[in-house]
Amino acid sequence: MSSDAVVSLESVSKTYATGAAEVHALREVTLRIDRGEYVAVIGPSGSGKSTLMNILGCLDVATSGRYELNGVDVEDLSEADLAAVRNTHIGFVFQQFNLLPTLSAWRNVELPLLYAGVGRAERRERAQQALGRVGLAQRVDHRPSELSGGQQQRVAIARALVTDPALILADEPTGNLDSRSSEDVMALLDELHTSGRTIVLITHDLEVAAAAERSVTVRDGELVDLDGQAAA
Amino acid sequence: MSTPALRAPRVRAGETLGIALESVRTHRMRSLLTILGIWIGIASVTLTVGLGQGAQQKVAEQINSLGSNLLVVSPGSSTTGGVRGGRGTATTLTTADAQALADPAVAPDVAHVAPVRTTSSVLTQGTTTWTTTVTATTPDWLGVRARTLSSGRFLTAADETTAAHVLVLGDTTVSELGLRTGVGSTVTLGGTAFTVVGVLAASGSTGTTDEDDLAVTPMSTADQVLGSTTTGSVSSIYLEGASGDRLSAAYQEAYAALATRHDTSATTTTGTTGTTGTTGTTGTGSTSADFSITSQQSLVQAATATSRTLTILLAGVAGISLLVGGIGVMNIMLVSVSERIREIGLRKALGAPPSLIRSQFLAEACLLSLAGGILGLGTGYLGAAVLPSLLDQPVTISLPASFGALGVALAVGIVAGVYPASRAAQLAPIDALRSD
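Chains as they are written, first to last, in the numbering used here: chain A, 1 to 232; chain B, 1 to 436.
Hints in this document: simulated from the structure, not taken from any laboratory.
Hints may be right or wrong, so weigh each one.
Not the full set, but computed from the structure, chain B residues with beta-carbon under 7 Å of chain A [what the hints assert, rightly or not]: (1) Thr26; (2) Ala349; (3) Ala371.
Stretches of chain B that chain A covers, calculated by requiring three or more beta carbons in the stretch to come under 8 Å of a beta carbon on chain A [as the list claims (entries may be wrong)]: (4) 110-122; (5) 140-147.
What you are looking at is a predicted structure, and each value in this text was computed from that prediction instead of being measured.
Backbone N, C-alpha and C fix where the C-beta goes; we use that ideal spot for every residue, glycine too.
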């Protein structure tokens, strides 16, 4: 395995037991994403796309198969260890922004650093840098309710960047935004990619997916190439 | 990156407390209502225990004001036609008994002896009359009963031998008779003129008896003036032990001496009960004893036991209100957990380990309870300052009790917070993030 692989999934399956029936959300998925890649994961709802995103984000663990994130085998990790892996290696951008409404922009951005055990002064400095990076240097003390949707998502992107993670996982980042803000956010992701970030974009929108260099499609829990055949 | 950073991040306790404090602050109304439960609980526990301790102290002070190291010998019951009367109905104690007990050879641990015979008599001063308790006794009475004089002198040995017509009056008696000067006045008792030689300093009332309404006169004078039927017999004999730790020895000596004089079979068996100061008649085989000895200690014990029972009862009721307050904290914390599922999920996604989520919620519960505890204690102290003047009842709040109350508040917070906190910690981040 090359050390350049940020994501390496090997025959990963996920089954949920709902009552007597077993639901195969993911079947034998194999996927490799290298450092610096910008990959879109496309799929309609119910395709297993969300399950894939949860497993990629270490929010859930696979039933079988092997997943290495940035060289860390996340199989059989405890909840606390998974939390540490998420904290160190992944930056999340959610459709719902998921900012804490009572905290100002920089206090939202510093949260991952807080859980990483970084001291307060350094947290503030790094949070302000990240907010500057997304063009919100003038808004560090604003609460989410005082910001537009696009600005809120940019705060969320700043939060994803602040720990300097190996992987940025964006789950429908434009799903709650108007077209102008969407363009804004997509331009920002493009820019991050250009500066060398590894980005996985999860979406059902082919237009949004077009921004990525490479697309993979999930259908019925399997990865397919654009011809609709099972990917190697 | 082949060396993964898998060590769980360390977050300082101060940061956790800060997050908890912020959460308390941002949900002001909810926090206040939660605090209120603990507030009321701690305030009522503090006040009831304070009231109880105040009452105990008051009772103890009152009893101690009767005299320290005091033993009281009372006559036993008289048997009339096979029916036993109550304690004190017999007139079996005599001045001779008192003299015997005063003998250091008989009872070396008894320091002072004051036989007392009380009768209710009318005092007259000019046209004013007043019925009071005339106490015939010896000069030792003053010390044994731990009384002091506000003016004049007390009875002397010379008064006793000459059967002088002198009186020492209580504070209340002086004012009821309308005496301006007190000492030097002439008061008529049983048709005989008496000179007031001293006035006792006020000592307050013990329950129903006014300790300041009395007239004290020598035993010999009373024998002459107040009828002959009671001559030689006394209502009770007050004994003062040489010291506090020799009181039980004094008790045994007095008991043995009186038992011999009164020809009672039970003498030694009852001696063992002397340490707790129980009455002589409770000893085995001593039913024939025609006297009983009560110690001050036993009175204090009985009285404090009563008020302690009351305190426990009240504190129990207050404790229930504290319990209700604790359940309130748990309830609010559970509501808070389900209200903040998204927040918890997000924090977990961003790398907060379960232990940190748990301590965050636990810290929040503790903060709320501690705040309630401090406010409750403040209210308790305020009550302790205000209530005594309203209720005429002392309230004593001790420092250890205050710390105890805070400890209880904290414990309530921990107990009430554990379950909600572990529920929060166990939430799966995806489920939490998904909920809307």
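Right, here's what the structure says about each hint:
With a cut of 7 Å, the hint placing Thr26 of chain B at the interface with chain A holds, because the nearest CB-to-CB distance is about 4 Å. A hinted interface residue such as Ala349 of chain B counts as satisfied when its beta carbon comes closer than 7 Å to some beta carbon of chain A; here the least separation is about 6 Å, so the hint holds. Here the hint on Ala371 of chain B is broken, as its CB sits about 19 Å from the closest CB of chain A, past 7 Å. Judged by the Cβ-Cβ criterion of 8 Å, the segment 110-122 of chain B is not covered by chain A as claimed, because only 0 of its residues qualify and three are needed.
Beta-carbon proximity to chain A at under 8 Å applies to 0 residues in the segment 140-147 of chain B; the threshold of 3 is not reached and the given coverage is violated.
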